[in-house]
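K.L.:
Produce the complete structure using the sequences and hints provided.
So the protein lines, in turn, are chains A and B. Number 231 in my numbering belongs to position 231 of the first sequence; there are no gaps in the numbering. Number 117 in my numbering belongs to position 117 of the second sequence; there are no gaps in the numbering.
Since the hints were derived computationally from the structure, they do not count as laboratory data. Using N, Cα and C, we set each Cβ at its ideal position, and we do this for glycine too. Fair warning: there could be bad hints in the mix.
[What the hints assert, rightly or not] Not everything, but these chain B residues come out facing chain A in the computed CB check (under 8 angstroms):
#1 E175
#2 V176
#3 A178
#4 T182
#5 A195
[Claimed, not checked] For the chain A half of the interface with chain B, some residues (derived, Cβ under 7 angstroms), not all of them:
#6 L56
#7 H84
#8 P88
#9 P225
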Amino acid sequence: MTGFVCESVGFRYPTADGWITALSEVSLEARGHEIVSVVGPSGCGKTTLLKLVAGLLQPTSGSIRFTPGENGDRPRNALVFQDHGVFPWLKVVDNVAFGLEMQGVGPAERRARAMEFLQRIGLADFADRHPHELSVGMRQRVGIARAYVSQHPILLLDEPFGALDAQTRLLLQEELLGIWQEDQKLALFVTHDIEEAILLGDRVLVMSGRPGTVVEEIPVPLPRPRALAAPDRPEITEVKWHIWRHLEKEARRQLSIPG
Amino acid sequence: MAHLAASREGSQAPALDPRLSSGRSGSTTWWGNASVILGALVCWEVAIMLGLLPRLYFPPPTAIARKLVELVADGTLPRNLGMSLYRMGVGLVIGTGLGFLGGVAMGRSVTLRRIADPIVGAVYPIPKIAILPLVMIFLGIGESSKLFVISIAAFFPMLITTLAGVLQIPSIYFEVAANYGTGRRRLLTRVILPASMPTVLGGLRIALNSVMHVTIAIEVVAAVTGLGALVWFSWETFDVEELYATLVVIAVLGIGATHLVNRLSRELVPWRP
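P.N.:
Rendered as structure tokens:
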């Protein structure tokens, strides 16, 4: 079963004013076909954690171990960025096929596979457009499509809906739930939105800032497939406020609101 | 770019305050430009007819045009224009090619940047025409020393703008590429090249300008063929009409080059909003 384990992962980096510890003693485990939400205040190192799992950064302490894939290699992952993650110089279809292209899939086949996915999510008419002709929400869907079409077993999402307006966000959350329901990958979903974390995740990891670390793990007692209204259940409201109490202090501090 | 901006401007709803639409008040169309120049030429012609301008220094446009036809007919202009275009072309290809490669290499290597930066900083400001004598000591007075200096003139603007273009590529694109396991060659062709293309094309424009300046200057001081040589030859024989005619050709060459780069920009960067 695909998975990975972070053991006491820490990450520090040098700046002009000395070393900054972005992450400290982060331990977590994710495996199988689950969505693990990571929620925390801005600047708590959520993105750093994602980049460490992605292999774009190396932990300065601790370790990340992966359950080897079928071929014995470390399982590949696909990152979805908050914004600007799609290449402006590639057409939508070429952006979606980028992962396949890097895997050496031929032009005809990767186009066919990209088109198939675009068809499924209703973006086929925009296949030959460039990203600047699309709305921000559509660009994010292209980013998710690229990650899915690449067929990597692990999906890492870095606040993919963070830059969207509330209505667009709801629609894209619903769409992601649908896509995931059909093709269940192991996903790490980073967000600052508590409801989003609950709606999507099987578990919610709550992080604190400075240095970032996981302070609590909360299972989400919601069945799948899920619908947008899921977090409105009374038992979930309690979870919501529980998470908020974790984040409130840090949020107040950042805004200088006494509490 | 100016007329491109203008056409986009025109397709939008009119701005309430003309000062708010920066493009509108200052932008021009090709027929607007052409009519301004045509108007100036007519004024020029009339001024000479009325005796307001001395014909000796300011031959009438019609006489310059006649001279142009003459120069084309007797083969003088095609021969010299051809020579200048050959020098510009070779210098541009060699200089911008190497400048681009050097810019990418410097953009990707901090060490190389540390070494090359001070050298570039010291050599770039030297007017390229001033190094011609030195180059002639090494390469002789033939064609190769000219092509070398013209290439140098194209090299530096391309190097510097490509470097800037590569350095300003947002790191997120490199992260996406790394995440999908992009190799070195594909990183260059699929990410670095397209991402720096808008800036590189700006560099091409500056290089083209620089190449034209230096080619004409070299031909004025050290050649027997080429448009620059023709300018100097006209001065020596005091053929003022020929002097003007040659300058007109140089000006048209410049306009043509600018249009070519603009056209190229639209072809190569269709994704620029």
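K.L.:
Decide, hint by hint, whether the structure agrees.
P.N.:
Now for the hints, and whether the structure bears them out:
At a threshold of 8 angstroms, the smallest CB-CB gap from B/E175 to chain A is about 6 angstroms, leaving the interface hint in force. Interface restraint check for B/V176: the shortest CB-CB distance to chain A comes to about 6 angstroms, inside 8 angstroms, so the restraint holds. Taking 8 angstroms as the C-beta cut-off, the interface hint given for B/A178 holds, the closest approach to chain A being about 6 angstroms. Evaluation of the B/T182 hint against chain A yields a held restraint, the C-beta minimum of about 5 angstroms falling below 8 angstroms.
A cut of 8 angstroms between beta carbons decides the hint on B/A195: the least distance to chain A is about 7 angstroms, and the hint holds. Restraint check, A/L56 versus chain B: the minimum CB separation of about 6 angstroms is within 7 angstroms; hint holds. Hint on A/H84 holds. Least Cβ distance to chain B is approximately 5 angstroms, under the 7 angstroms limit. For the restraint placing A/P88 at the interface with chain B, the shortest Cβ-Cβ distance is roughly 5 angstroms, inside the 7 angstroms limit, so the hint holds.
Look at A/P225: its Cβ only gets to about 28 angstroms from chain B, farther than 7 angstroms, so that hint breaks.
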